[in-house]
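So the sequence lines, in the order shown, correspond to chains A and B.
Residue 1 is where the first sequence starts when you use this note's numbering, and the numbers rise one by one after that.
Residue 372 is where the second sequence starts when you use this note's numbering, and the numbers rise one by one after that.
The hints are simulated quantities; they were obtained by calculation from the structure and are not laboratory data.
Don't be surprised by glycine CBs; every beta carbon is placed ideally from N, CA and C.
Treat the hints with care, since some could be wrong.
To be verified - Only pairs whose alpha carbons sit at most 30 angstroms apart, straight line, appear in this in silico DSSO-like list of lysine-lysine:
hint, chain 1, residue 1, chain 2, residue 2
1, A, 336, A, 117
2, B, 506, B, 379
3, A, 320, B, 566
4, B, 566, B, 524
5, B, 577, A, 320
6, A, 320, B, 556
7, A, 33, B, 577
8, B, 582, A, 33
Unchecked claim - Just a sample of chain A residues kept apart from chain B, beta carbon distances all over 10 angstroms, derived:
hint, residue
9, 48
10, 59
11, 78
12, 125
13, 129
14, 133
15, 218
16, 253
17, 264
18, 299
19, 305
20, 315
21, 316
22, 341
23, 350
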Amino acid sequence: MTVTHNTLKPWPRLASQLVHTLERPWLSAIVRKSAVEDTLNALHPLLSLDTVKARVVHITHESPTVRSFILEPNAHWQGARSGQFVRVQAEINGRRTERAYSLSSRGGAQRLALTIKRKEGGLMSNFMHQQLRVGSVLTVSQAEGEFVLPANEPLPGKILLLSAGSGVSPVMALMRELHEQEYAGDVCFLHVCRDASEQIWVDEMLLIGAQMPGLTVVTHLTATQGRLDAQALLATVPDLAERATWLCGPAAWMDQVHALWAEKGYASTLTSERFGGGPTVPADAGTPVSVVCERSATQFMTEGAQPLLVQAERAGLAPKHGCRIGICRSCQCTKKSGTVENLLTGEISSAPNEEIRLCISTARSDVTLAL
Amino acid sequence: MSFATPPKLSRAQVAEFQKEVDAIRNEAMSRVGQADVDHMRRMIHICRGSEVAGRALLHFGVGPLSWAAGVMALANAKILDNMEIGHNVMHGQYDWTGDPALNSQSFEWDIACDGEAWRHSHNVVHHTYTNILGKDRDLGYSLLRLTDEQRWKPRHWLQPFANLGLALGFQYGIGSHDLELGRYKHGAISREVFKPRLDAFLGKIKRQWLKDYLLFPALAMWSAPRVLAGNFAANLTRNLWTYTVIFCGHFTEGVAIYREEDTRNETRGDWYIRQITGSSNLEGGRLFHIMTGHLSHQIEHHLFPDMPSHRYVEVAPKIQALCQRYGLHYNTGSLFSQFATVMKRIFVHTLPPRALSPV
Chain A
1 MTVTHNTLKP
11 WPRLASQLVH
21 TLERPWLSAI
31 VRKSAVEDTL
41 NALHPLLSLD
51 TVKARVVHIT
61 HESPTVRSFI
71 LEPNAHWQGA
81 RSGQFVRVQA
91 EINGRRTERA
101 YSLSSRGGAQ
111 RLALTIKRKE
121 GGLMSNFMHQ
131 QLRVGSVLTV
141 SQAEGEFVLP
151 ANEPLPGKIL
161 LLSAGSGVSP
171 VMALMRELHE
181 QEYAGDVCFL
191 HVCRDASEQI
201 WVDEMLLIGA
211 QMPGLTVVTH
221 LTATQGRLDA
231 QALLATVPDL
241 AERATWLCGP
251 AAWMDQVHAL
261 WAEKGYASTL
271 TSERFGGGPT
281 VPADAGTPVS
291 VVCERSATQF
301 MTEGAQPLLV
311 QAERAGLAPK
321 HGCRIGICRS
331 CQCTKKSGTV
341 ENLLTGEISS
351 APNEEIRLCI
361 STARSDVTLA
371 L
Chain B
372 MSFATPPKLS
382 RAQVAEFQKE
392 VDAIRNEAMS
402 RVGQADVDHM
412 RRMIHICRGS
422 EVAGRALLHF
432 GVGPLSWAAG
442 VMALANAKIL
452 DNMEIGHNVM
462 HGQYDWTGDP
472 ALNSQSFEWD
482 IACDGEAWRH
492 SHNVVHHTYT
502 NILGKDRDLG
512 YSLLRLTDEQ
522 RWKPRHWLQP
532 FANLGLALGF
542 QYGIGSHDLE
552 LGRYKHGAIS
562 REVFKPRLDA
572 FLGKIKRQWL
582 KDYLLFPALA
592 MWSAPRVLAG
602 NFAANLTRNL
612 WTYTVIFCGH
622 FTEGVAIYRE
632 EDTRNETRGD
642 WYIRQITGSS
652 NLEGGRLFHI
662 MTGHLSHQIE
672 HHLFPDMPSH
682 RYVEVAPKIQ
692 ALCQRYGLHY
702 NTGSLFSQFA
712 TVMKRIFVHT
722 LPPRALSPV
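In isolation and in its complexed conformation, chain A is listed as follows (with noise of 0.2 angstroms):
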């Protein structure tokens, strides 16, 4: 999404006319743009001259492992649709780390929900719940995801809310948007959990219901019922195939209910969500990955084991380089997404917008890089 000037609010615009003053090279040599905001946010930690900063103003505890972050940005934030999903930075043992988090909240909402459940060893999920507290700030990114109603047309007449897990976030934000619409045709929300422990928003769901008369609330708890597969599904959800259905769940059971739509050749609309972050198993050394170069609009193959500098060499690119063995950190780069292997300690590494240096890094799985 590419906001022009012009919808931007005063102080927005303001900031974003400083800081490209600040950025010409005679005045940075003067005071740098760290230098300001460092001030700004001494004077007030939402204060910024180009992030989106969001004040922690409740926790709501769902459930003993589900928490919701009710935030309140800054004037930078630019507003969301309902089902988008931000990137959250914080900074945890001194690196900034960020994940990206599906609102729960309705698009027009003044305040952001983030409803994150805690995951064992999650470094994100943990420093939540366990560090954020009422009045903490987080940075956040503007909205971003295409897991969104239709905007310029009229709603579908029959709509299938699928979810599974904590993929009732953007799925929520789907209903309470529907609600506020007062959308009058037949939905069903159907969201699958393992037992009655992690159902949550029950209460506001009853409530929905009691105003929306096309709704059909629908829990599968797989502890009693067994998992939801093709079978159960259409058990359940009769009238699947004339349902418009936005979808988000665990990888492997969202696979197969798109598998179910081309099976069975349906026609209405399948929208999902995915979140790429599950840990992956990284392919052997030396295995044909595919690299996108972001800014050289390039794409190319892997051939062998050699580092990222040597293959995109071979690819054709010029990449900025100096020592090639790893000590001048001349080619290093933005990895945007991706597994990549520190040929020089083994380590391997899978975070998103990680700076990797080419010369010693090679992929194991497929790489975007912003070279």
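The hints should help you fit chain B onto chain A, whose structure is shown.
Showing chain B alone in chain A's frame:
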């Protein structure tokens, strides 16, 4: 002084040495975290505070005492910015934080040397080819003759003056270092390569002069001469201090100089040994180490250029003990004694080599 005799270590010993150095590195790097970034941000805050205080004293102060205090505060800010902050950040010691303000590839510092030129001449050339004659352009900065292996030329008679000039204008010395003026004059570098380097150098000088010698004096109005002189004195103080510290890093007595052909098939272990034998340390307290940007731990810095610098203090005893076990010379001493040997080398090599006396 002659070329380094390869250390009397077998290949197996060098491999073992490499493993032990790696282990020291891994142990220290595994503990890198909040404390390191907190240290760097504290340095940045002190640096900013010192600069604001220095400029305020120069602008609004009355009398020579406040002027001297202003000069010291501003020089302190520039020294911290160049040594403990800029040099270390530009080595990538804080790239792991993901903080754009601490990113090695975009950092720019308060000195007449363009950051990008520095990243090339220092990080690429000097740190890769440390003390290899003909490859490490920091060896004498293409100006001084520091070893018998460098050919004597008549211009070396003026070496003590050249050295003094370099000390006084050190920021311009390192700023113009990556221009490779000598090679350009001999046609080894094309105009297409040289011109952008010259533009970057002059552009940076322009920005520095605009700030220190035009804008801030102009803002001070009738105090303009006071501010101009203060800014000049602060830059000069920084030049002399950085010159002193940096010259003690590789030009002391006893550091080894290498021949290119001896380093062609280096392993990482060999490279470690070259970094150790080609560098020298300075002894002092915590404040001293910070003011040198931890270049007082030149040996550790050359082994681990991307380790947050304040950790050199804790790995140094381990490296020193390791060197002792392997019989490697660990060159360390006080600033005074180390600098005296540097001066000695400069003066000794001013003279042409003595012809072999007839038998």
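Evaluation of the provided hints:
1. For the proposed pair residue 336 of chain A and residue 117 of chain A, the alpha carbon gap of about 25 angstroms is at most 30 angstroms, so the pair holds.
2. Restraint check for residue 506 of chain B and residue 379 of chain B: the C-alpha separation of about 24 angstroms stays at or below 30 angstroms, so the hint holds.
3. A distance of roughly 19 angstroms separates the Cα atoms of residue 320 of chain A and residue 566 of chain B; the hinted pair therefore holds under the 30 angstroms criterion.
4. Between residue 566 of chain B and residue 524 of chain B, the direct Cα distance comes to roughly 29 angstroms. Compliance with the 30 angstroms bound is thereby established for this hinted pair.
5. Straight-line distance between C-alpha atoms of residue 577 of chain B and residue 320 of chain A comes to about 27 angstroms, which keeps the hinted pair within the 30 angstroms bound.
6. About 26 angstroms separates the Cα atoms of residue 320 of chain A and residue 556 of chain B, which keeps this hinted pair within 30 angstroms; it holds.
7. Between the alpha carbons of residue 33 of chain A and residue 577 of chain B the distance comes to roughly 20 angstroms, so the proposed pair stays at or under 30 angstroms and holds.
8. Between the alpha carbons of residue 582 of chain B and residue 33 of chain A the distance comes to roughly 16 angstroms, so the proposed pair stays at or under 30 angstroms and holds.
9. Residue 48 of chain A, annotated as away from the interface, keeps every beta carbon of chain B farther than 10 angstroms; the closest lies near 13 angstroms.
10. Listed as a non-interface residue, residue 59 of chain A keeps its Cβ farther than 10 angstroms from every Cβ of chain B; the least gap is roughly 24 angstroms.
11. Consistency note on residue 78 of chain A: stated as away from chain B, and its beta-carbon is indeed over 10 angstroms from all of that chain's, at 21 angstroms minimum.
12. Chain B leaves residue 125 of chain A outside its interface by the beta-carbon criterion, the shortest separation being 19 angstroms against a cut-off of 10 angstroms.
13. No Cβ of chain B comes within 10 angstroms of the Cβ of residue 129 of chain A; the nearest lies about 19 angstroms off, and the non-interface call holds.
14. Non-interface status of residue 133 of chain A relative to chain B is upheld: no Cβ of that chain comes within 10 angstroms, the nearest being about 18 angstroms off.
15. With 10 angstroms as the threshold on Cβ separation, the claim that residue 218 of chain A sits away from chain B holds: the shortest Cβ distance comes to roughly 43 angstroms.
16. Against chain B, the non-interface label of residue 253 of chain A holds: every CB pair exceeds 10 angstroms, the least being about 32 angstroms.
17. At the 10 angstroms boundary, the C-beta of residue 264 of chain A stays outside the reach of chain B, the nearest C-beta of that chain being 45 angstroms off.
18. At the 10 angstroms boundary, the C-beta of residue 299 of chain A stays outside the reach of chain B, the nearest C-beta of that chain being 24 angstroms off.
19. With 10 angstroms as the threshold on Cβ separation, the claim that residue 305 of chain A sits away from chain B holds: the shortest Cβ distance comes to roughly 19 angstroms.
20. At roughly 22 angstroms, the least C-beta separation between residue 315 of chain A and chain B is larger than 10 angstroms, which holds for a residue marked as non-interface.
21. Distance to chain B confirms residue 316 of chain A as a non-interface residue, since its nearest Cβ pair spans about 22 angstroms, more than 10 angstroms.
22. Residue 341 of chain A, annotated as away from the interface, keeps every beta carbon of chain B farther than 10 angstroms; the closest lies near 16 angstroms.
23. For residue 350 of chain A, the condition that its CB be more than 10 angstroms from all CB atoms of chain B holds, with the nearest at approximately 15 angstroms.
In summary, the structure agrees with every hint in the numbered list given earlier.
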